[in-house]
Every structure is written in C-alpha cells, then in structure tokens.
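Novice: Here is what each chain is made of, one letter per residue.
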Amino acid sequence: MDWMKHKKIYFAISGIVLLISIFALIKWNLRLGIDFTGGTTFDYKFSKVTEETQIEGVFKDSGIAIESIDVDSRGVFEVKAPPISSETKNKLDGLLKNFDKDYVELKYEVVGPSIGPELVKKTVTALVISASVILLWVAYQFKNIKYGLSAVLAMLHDSIVLLGAFSLMGHFMKVEVDFLFVTAMLTILSFSVHDTIVVFDRIREVNRKTGGNLVDIANIAVTQTMVRSLNNSFTIIFMLVALALLGGDTIKWFAVALLIGTVSGTYSSPFVAVPLLVTFDQLKVERSKLIFKK
Amino acid sequence: MRKSTSIRNTFIIVILSVLGIILCLPKELPIKINYKNIKLEGKIVRPSLDLKFLGMDFKRDLNLSLGLDLAGGSHLVFEADTSSISDERKKESVEGVRDIIERRVNLFGVSEPTVQTSSYQDKMRVIVELPGIKDTASAIGLIGKTAQLQFAQVGENDNEGLILTDLTGADLKEARVEFDQKTSKPVVAITFTDEGAKKFEDLTGKNVGKPLPIILDNNVISAPVVEDKISGGSAIISGNFTTEEAKSLSIQLNAGALPVPVNLVEQKTVEASLGADSVAKSIKAGVVGLSMVLLFMFVIYGKLGLIADTALIVFGVLTLSIYKLIPITLTLPGIAGFLLSVGMAVDSNILIFERFKEEIRIRPFADALEVSFGRAWDSIRDANIATLATSFILANPLDWKFLHVSGPVRGFAITLALGIVISLFTGIFVSRNLLRVFVKESSKNQVKSN
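Protein chains in written order, with our numbering: chain R, 1 to 294; chain P, 1001 to 1450.
There could be a bad hint or two in this list.
Said to hold, decoys possible - Listed below are the simulated EDC-like cross-link pairs for lysine to aspartate or glutamate, each with C-alpha atoms no more than 16 Å apart in a straight line: (1) R:60 to R:93; (2) P:1281 to R:249; (3) P:1145 to R:87; (4) P:1134 to R:102; (5) R:107 to P:1277; (6) P:1284 to R:249; (7) R:45 to P:1271; (8) P:1134 to R:93; (9) P:1123 to R:118; (10) R:80 to R:105; (11) P:1134 to R:61; (12) R:143 to P:1277; (13) R:45 to P:1277; (14) R:107 to P:1135; (15) R:209 to P:1378; (16) R:252 to P:1277; (17) R:107 to P:1271; (18) R:91 to P:1245.
No lab work stands behind these hints: they were computed from the structure.
Please model the entire structure based on the sequences and the hints provided.
Specialist: And the structure:
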C-alpha cells in the first residue's frame, strides 16, 4: 500500500490536532491539582445524612476558607481549601467530631506551596533526559540522526496531544492534573517510542534485504507492521478501558491519560514518525539536487 | 536435538511456574471439598522463606507489601529550617534531624516505617512514611516537635526557680530501660556523648544531694537527685518506676531535640478502608482486562494465541513472585505499571506471530518458527531497551537529587522495569519452548493442506 502518498493528509490531521491542543493550553492552561498549586483536600464520610451547607458551616467555624465542596454518588464529601496548619486541622477535627462522632476521614492531603515548582522542575528534567537518551539510542541504533529526530518529534506530538486533551477536559469536565498524570505522560513517551522503533526496525530490515528508495521501503514497512501495531494497541486498550471503568476514582483519569496517549502513540508511529523520516530524507535529496545545478 | 532441549526447557518452565504459584498463594488457603462421599476440609499453609547461604541471611515472610495508598497510612514531608545554620553544617544537621525523627517514629510501633532525606537546591527535607497509622495528628505532633530537652539546676533560693544549663538533648547519646540487678526494679540508663559526659560530670559535681530536673518543652519530665559526682558519661535514673513509666521516660529522653526546627510541608493520609477499596477495584479491573486480552489473543491467533496466553499467565505468576521476593512495595501507580507491562509482554508474542504469518508463506513450519523468533527479537530488544531506559530515569536508582527520589513515579517505574525484564524472558524463552514442543507436530498437517 502506498501510505506515504497521503503524507500531507497525515500532517494536516496532526497539525489540526496540535493546533487545537496548543490553543486549549494557551487559552485554558491545565487545571492543576494540589500537587502543583499547594492546598488541602479532605474526603469524609458521615454516619448521618448531611448537607453540603452543614459541612461548610463546620469549616467556616474552624477558620478555613473553602474553595470547593463536592459530594459523589457514594456520599463521600470532598472539600478543597488552601494549605492549612496542623493546629487548624486539630480544631477542625474536634468540630467535626462534635458534628458527627462517627465520621470517617477517608483521605487528607495537604501540600505546601513549595512542593509544586519542584515537582515541575524534576519532571521537566526527567523528560529532557529521557528524550535525549531515546534520541541518542535511536540515532545510534539506526546509524542516523534523522531516525532519532523523527522518533522524538513523534513523541513530542503525543505529549502535546495528551496535554491538550487534559486542558480541554479540565475546562469542560473539571478534570485535574496531578502527580499521577505526570507518571502517565512519562509512560506515554516510552510507549510512543516503543511503537516507532518497531516500524523503524522493519524499515532497516527491508532496506538491508531489498534496498530501494526510502518511500517504497517505508510503505512496505508500515504495511507489514500495521496489524501488529493495531493488535498490540488493542490489548493495551483493553487493559486501560477496564482500569478506567472499574479501577476506582483515584486511577480513573490516570487510565484515561494512558488511553489517550496509547491511541496517539499508535497513530503517530506510522503517520507522524515515518512521514517525517521520509520528508527529512527528501529534503536532503532536494538540497543535493540544488547543489548539482550550480 | 533441538526438540530434546525444548522438552527440557519446558520442564524448567513448569517447575518455575509451580514454584511461582506456591509463592503467590496467600498465607493461608482454606480448602473444602465435598464431593459425593469424599469430604475434605483443611487449609494449605504457605511456608515462609528463611534461607542461610554463605553467611547471608535471606528471610521473607512472602506477604505482598502494600504502599500507603493501598494499605492506608500517612506520608509526611518535613522541611528543615536551616536558615540559622552555616552551609557546611546543613547536611549534617538534616541528617541529625532524620536520625531523631527515625527514633521518634519507632516509638509508634508501626511496621516498616521509612524515613529518608531529600534535598533539592537549597531545600532540605525529611520524608516520613507511616503505613497503617491511625492517629496521624499526634504522630505529626511528636515527630515535628523541635522540643528542647535540657537539664536544669535548682537555684539556691526558693524564688530563683530552675536555672537552665548548657547540657541539652544534643549531648545525650542514648537512654534505655534496664533492670537493677539487686532490686530487679526497672531503671533508666542514660549515656552521654564525650562532650556531654564532661558537662554532666561538672554539673553533678556541683549538685551533689540536689535534684537535677530534666526539662522537655518547658515541662519537667523527671527530677532525679544526684547521689555523687558522675564521670565517664553514663548514669542511671532509679526510682519507684513501673516498667511502663521507665519506658515512657526513656522514650522522652531518646526523642530528644531536633537540631533545627522543621515544618510540615506536605501530608497525605489515606484511610485503610479507602486503600482496601482501591485494591479490590484494581484487582477487578485487572481480572477483567486480563481476561479480555487472553480472549483477544485466542480469537486472533487461535492455537498460537493459547500458547501466548499460557506465557502471559506464567508472566503474571513470576512477576508476583518476584514482587514478594525482592520485596517490592506495591502502590496504585505500581499496579498500573504492572498492567502496562502485561501489554508489553503480549506485544512480544504479537510481533512474533505476525512475523510467523509472513514467514510461513515462504518456508516450512519449523524454519518459519525459528526465523520469526530471530527476526522479531531485534524489534523486541530495541523497543524494550528504550522503555527500560525511560523507566531507569524515572526510578532513579542512583538517587540523583535533580530527579524524583520517592513517590508514585518511582513505584510505577520499578514495576514497569521489572515487568519488561520478565516479559523478555517469558516472551522469548517461555513462548518459544512451548511453541516448539506443543505446536510443531500438530500444525504440520494443517500447513501442508494449505
């Protein structure tokens, strides 16, 4: 199949998705969770029927300014507030006990404002190191920097798509980005490259066996690896859909992040990385033509 | 020749799997069989591991250890306020903070607490993890207390009150409960550092016959009377202690004082029931996801798929066994890492089978099988090395300061990395040998008839 003939369509699709992602990121940014911004999250379960306003009252009495309060289908109240001191927490615990002596504190998280920037810096460092290592490894393995560059650009593509998707979901569905999201993003980088390497590997093998120009080789390689790529993604998607639907609230958005990344990663290997590789190759050919004319 | 090696390898696989299954069993497995006239009741009790090898002790209770998010507990991060301390003494003082916090944490009797330091740029932190703790508020209170432990003198006149001395908690090396050999009553034995011993000698010399109150946080916790000048840096506090009282005093003395004040900057507390809920849900999701993968492989690849499924189950059993042997503390992201590595484990098989479909068109069955393994191996290796490199950076085994040293990212990376390594083994060794032994003969006819 002549996959590379429609190169421009793939670039257009990716271009549009990237534009939407970047637009969303600029306009709405990401809805950052307390891991980044600092703050407090409380999850409570009460033994009696409770209204949100009652909880608000208890918090107000403790001197805590509530940012949001939500109640889920299981009757678990989640309250968000700025970071509080342990004295304030003790006061709150006492007042809650008065309100309902059998209440259960399911989760309590307080993150100081100094943690977030550090988390971002360390994550960016991890990203830069991973990307460089992968770039070098792929370039070394395929004896050509073009391969490394295409793989890393495809990886970047997947990261932006994932960030954009969460920016949109943050704006429309109030989905927050937390520490687990960072983990998901780093995983997607390796998945994206994993998939790309399998295609590149086939390109190298076909080239060794039959040779010919890169466009034809790429077409053969993409055709031969397409079924494998889809089947493999299906198995991962099965796992992730099960996790997203059944894995509970904590892990739900983590699974969704991985899911988006897997779909994007599967698409980007044959339709971003390989077309990029072919384009880089053609650029080189055209440039050398120019030199000939002179 | 090749066939006999394959059969031998298949035996190895079977033995490994059986060992793995034994390791994976829960501690006790009740069995009830009620079939026609046969009635059997009892339970299988899994043994613990206790090996001694070349003087090395290898002991494992073989229970899966769960992280705070699954077992419930508290994750606390304290930041040391080192502003009043010179740069060269900063590291030392933070290590002092860690040691004292460690001692304080041990007072709670929680199982497997961890206390570690983390420094990033100019921030010095101590990370404390307390699995299964109930009363977090009092834990934070005790752990984070700067608490000045000081020895005081009683003034000459009544109105003078207590005079604080320069002998402090920093001079105290250790306090422990001992029993008097004559009266067999509990006493508290204290040891001072070299510097502390000199101060103590001086102080006791000046206060013979007088009480020497010990003050923690402005409260007198004990006021033993000095019998004689004490040199050598060790002393005994005796009195009409009950064992409990003696223990409590030694704890207070040990908890001592932090060399610098600390602030709680992060706290994450998960109630045990929420953790248990996460575990139950992850298991359910895992079982459903895995069944779908197994079914999918069978539908797409038929008999070959069954072999892949077997290899996948062996993969699961071995991975779980290795978690128990190392042991790995499993967290929620860790479970996700495991499930993702299941995906990668299947991928090795898919790569091989897709290759096999191509090769079978141009070669006889046996050759096609071997060639597929050989060719697919290149892709599997290259792709997995890239993933391994990423998980190495995320797991940060060398504790590089500029990367994450704890938390969910690390838990995830470790299970992912282990999963990849084990999947390379099961994808290549297990699938390959099982295919050689079980598929070879029966499929020959099928291929010929094509």
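Novice: Against this structure, judge whether each hint is valid.
Specialist: Hints, verified against the model:
1. R:60 to R:93: 13 Å, holds
2. P:1281 to R:249: Answer holds: residue 1281 of chain P to residue 249 of chain R is near 10 Å, not above 16 Å.
3. P:1145 to R:87: 13 Å, holds
4. P:1134 to R:102: 15 Å, holds
5. R:107 to P:1277: Measuring from Cα to Cα gives roughly 13 Å; hence the hint holds.
6. P:1284 to R:249: 14 Å, holds
7. R:45 to P:1271: 11 Å, holds
8. P:1134 to R:93: 14 Å, holds
9. P:1123 to R:118: Satisfied, since the Cα-Cα distance of roughly 10 Å is no more than 16 Å.
10. R:80 to R:105: Between residue 80 of chain R and residue 105 of chain R the Cα gap is close to 14 Å, so the pair holds against 16 Å.
11. P:1134 to R:61: 25 Å, violated
12. R:143 to P:1277: 50 Å, violated
13. R:45 to P:1277: 14 Å, holds
14. R:107 to P:1135: 13 Å, holds
15. R:209 to P:1378: 15 Å, holds
16. R:252 to P:1277: 14 Å, holds
17. R:107 to P:1271: 6 Å, holds
18. R:91 to P:1245: Judged against 16 Å, a Cα distance of about 30 Å means the pair is violated.
When held up to the earlier numbered hints, the structure conflicts with 11, 12, 18 and fits the remainder.
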